[in-house]
Amino acid sequence: MSLIPDVLAVIGRFTIASLGAIGRLARFAGLAVSHMVRPPFYLGRVAEQMLHIGYFSLPVVGLTALFTGAALAQQIYVGGSRFNAESAVAAITVIGIVRELGPVLGGLMVAGRVSSSMAAEIGTMRVTEQIDAMTTLSTEPFKYLIAPRIWASVLVLPLLTMVANIIGVMGGFLIATERLGFNPANYLKVTHQYLEWDDVASSLVKAAVFGFIIALMGSYHGYTSSGGAAGVGRATTNAVVSAFILILLANLIITVIVFGS
Amino acid sequence: MSNAPTPAPTPAKIALTGVSKRFGPKVVLDGIDLSVARGQSLVVIGGSGSGKSVLLKCVLGLLKPDAGRIQVDGQDVVGLRGDARRRVLDKFGMLFQGAALFDSLPVWRNVAFGLMQGHGMKAKEAREVAIENLRRVGLNPDVADLKPAELSGGMQKRVGLARAIAAKPEIIFFDEPTTGLDPIMADVINHLIVERVRDLGATTITITHDMSSVRKIADRVAMLYHGKIVWEGPRAVIDDSGNPYVDQFVHGKADGPIQMDIKRG
Chain A
74 MSLIPDVLAV
84 IGRFTIASLG
94 AIGRLARFAG
104 LAVSHMVRPP
114 FYLGRVAEQM
124 LHIGYFSLPV
134 VGLTALFTGA
144 ALAQQIYVGG
154 SRFNAESAVA
164 AITVIGIVRE
174 LGPVLGGLMV
184 AGRVSSSMAA
194 EIGTMRVTEQ
204 IDAMTTLSTE
214 PFKYLIAPRI
224 WASVLVLPLL
234 TMVANIIGVM
244 GGFLIATERL
254 GFNPANYLKV
264 THQYLEWDDV
274 ASSLVKAAVF
284 GFIIALMGSY
294 HGYTSSGGAA
304 GVGRATTNAV
314 VSAFILILLA
324 NLIITVIVFG
334 S
Chain B
560 MSNAPTPAPT
570 PAKIALTGVS
580 KRFGPKVVLD
590 GIDLSVARGQ
600 SLVVIGGSGS
610 GKSVLLKCVL
620 GLLKPDAGRI
630 QVDGQDVVGL
640 RGDARRRVLD
650 KFGMLFQGAA
660 LFDSLPVWRN
670 VAFGLMQGHG
680 MKAKEAREVA
690 IENLRRVGLN
700 PDVADLKPAE
710 LSGGMQKRVG
720 LARAIAAKPE
730 IIFFDEPTTG
740 LDPIMADVIN
750 HLIVERVRDL
760 GATTITITHD
770 MSSVRKIADR
780 VAMLYHGKIV
790 WEGPRAVIDD
800 SGNPYVDQFV
810 HGKADGPIQM
820 DIKRG
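Quick note, the sequences are listed as chains A and B, same order. Quick note on numbering: the first sequence equals residues 74 to 334 in my numbering. Quick note on numbering: the second sequence equals residues 560 to 824 in my numbering.
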């Protein structure tokens, strides 16, 4: 008899908790953005974070793009051969890489590497009172810790994605020319012919949005962590999982907006 | 015996009136009235979880009290934001329980952090000031370029003290300054605190459950129990307060009005 009220109570509690979490995240994001656009700007900290997020992510992003581009070209060739469309390998590979796989896989790989380390570092600072200490030393933690990380991530993800796109197309080129017998000059010509400015622009816009998500999730979960080492561990996991989900959701939204019509 | 708060002899540097704070159902501070005169050293004693750290964090604005008034130099500080808050924080220095040194920065940058980030001092001058402050707490300039993880617990406390006094604050808070140290190192830290505070003429609040710190540092002592100040008086009468809570705490007896919580509420 009491099953329906119980279910409604569970739904109600879940809804309130979800809205509360969204509200807290939105408030945190608003505060972070307001500190990003007001001085003082810690440019040295931004450069340090760009190095950490961008340069040190190059190997993992590059390898991911290379293997994915190569596998994509092979799959398109095999699939295309079922209806005599093997010649579409170059066109579909470049569109697939630049529009989707370059920014999305790059974003996911950087999220795995960077969101977790940001959450762990900021979370440890939170539970060891280093963030409180910073406040008592007349330094706003949002300006010193969070704004530089978000700026760096937003600026560096488009650059990483450009690199990923080029290496991904290169991976497809290598498989197509070395294994599938395509003519190299012809492959590059078709690649260039089918790549449009909108594809590149959408790729870079996606990357900047993913960069914001990655740094926001790492910072938010670290900054709000509590409960010692276990709390920092939870913050790290939550940062990566939420960054992954939000990147895939944002990718869908941007794709529908840009290419939906 | 002194059950009622004694009026401060000089105008209050810090004054708390009816300050309350709760976390969920747990009442941590329950209508605290407390004042500290300029240049005075107040030590707040009480068991673990009695709300001592929350008290300091409310004054610093790290936590917002649910009710009550906190004044520093006569200015209400609850809810201050932006530049107004920064100006108030400029008056404070704090030594945290675990020192709370920034792991990623060398020792001298830790000491000079407030001077460089908060006051815009250039690195060269800040390094000299940091090394001078390290000397004041008995540390050799050689430690300036080490990372905090390379220091012992006692040295970390000294660096924390050097950081707390580097900007010559008017008010210094000490959160369990001797916790985790051996008795000799604890005495060294207590001695340094007394000397450096005397140099600066600062007003201080120390929270501790270490009675040797109380005897060395305090001008006045207040005891916090279940979110209330149950006794306040001069250090000289701490052993003869006539207050059963203070007697039990000072003599470390299991029997008495203070009941230890087994479970956190």
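To be clear, the hints were calculated from the coordinates, so they are not data collected in a lab. Quick caveat, the model's predicted, so the values are computed rather than measured. A hint or two may mislead.
The list that follows gives simulated cross-link-like pairs (lysine to aspartate or glutamate, EDC-like), each with its CA atoms no further than 20 Å apart [claimed, not checked]: (1) B/K681 with A/E213; (2) B/K623 with A/E213; (3) B/K706 with B/E729; (4) A/K216 with B/D662; (5) B/K623 with B/D649.
Each hint, compared with the structure:
At roughly 19 Å between alpha-carbon atoms, B/K681 and A/E213 fall within 20 Å of each other, so this suggested pair holds. Only pairs whose Cα atoms come within 20 Å are accepted, and B/K623 paired with A/E213 is accepted, the gap being roughly 17 Å. With a CA separation close to 28 Å, the supplied pair B/K706 and B/E729 exceeds the 20 Å bound. In summary, the hint linking A/K216 to B/D662 is supported, as the alpha carbons are separated by about 18 Å, within the 20 Å threshold.
At roughly 19 Å between alpha-carbon atoms, B/K623 and B/D649 fall within 20 Å of each other, so this suggested pair holds.
Comparing the model with each earlier hint shows a violation of hint 3 alone; every other hint is respected.
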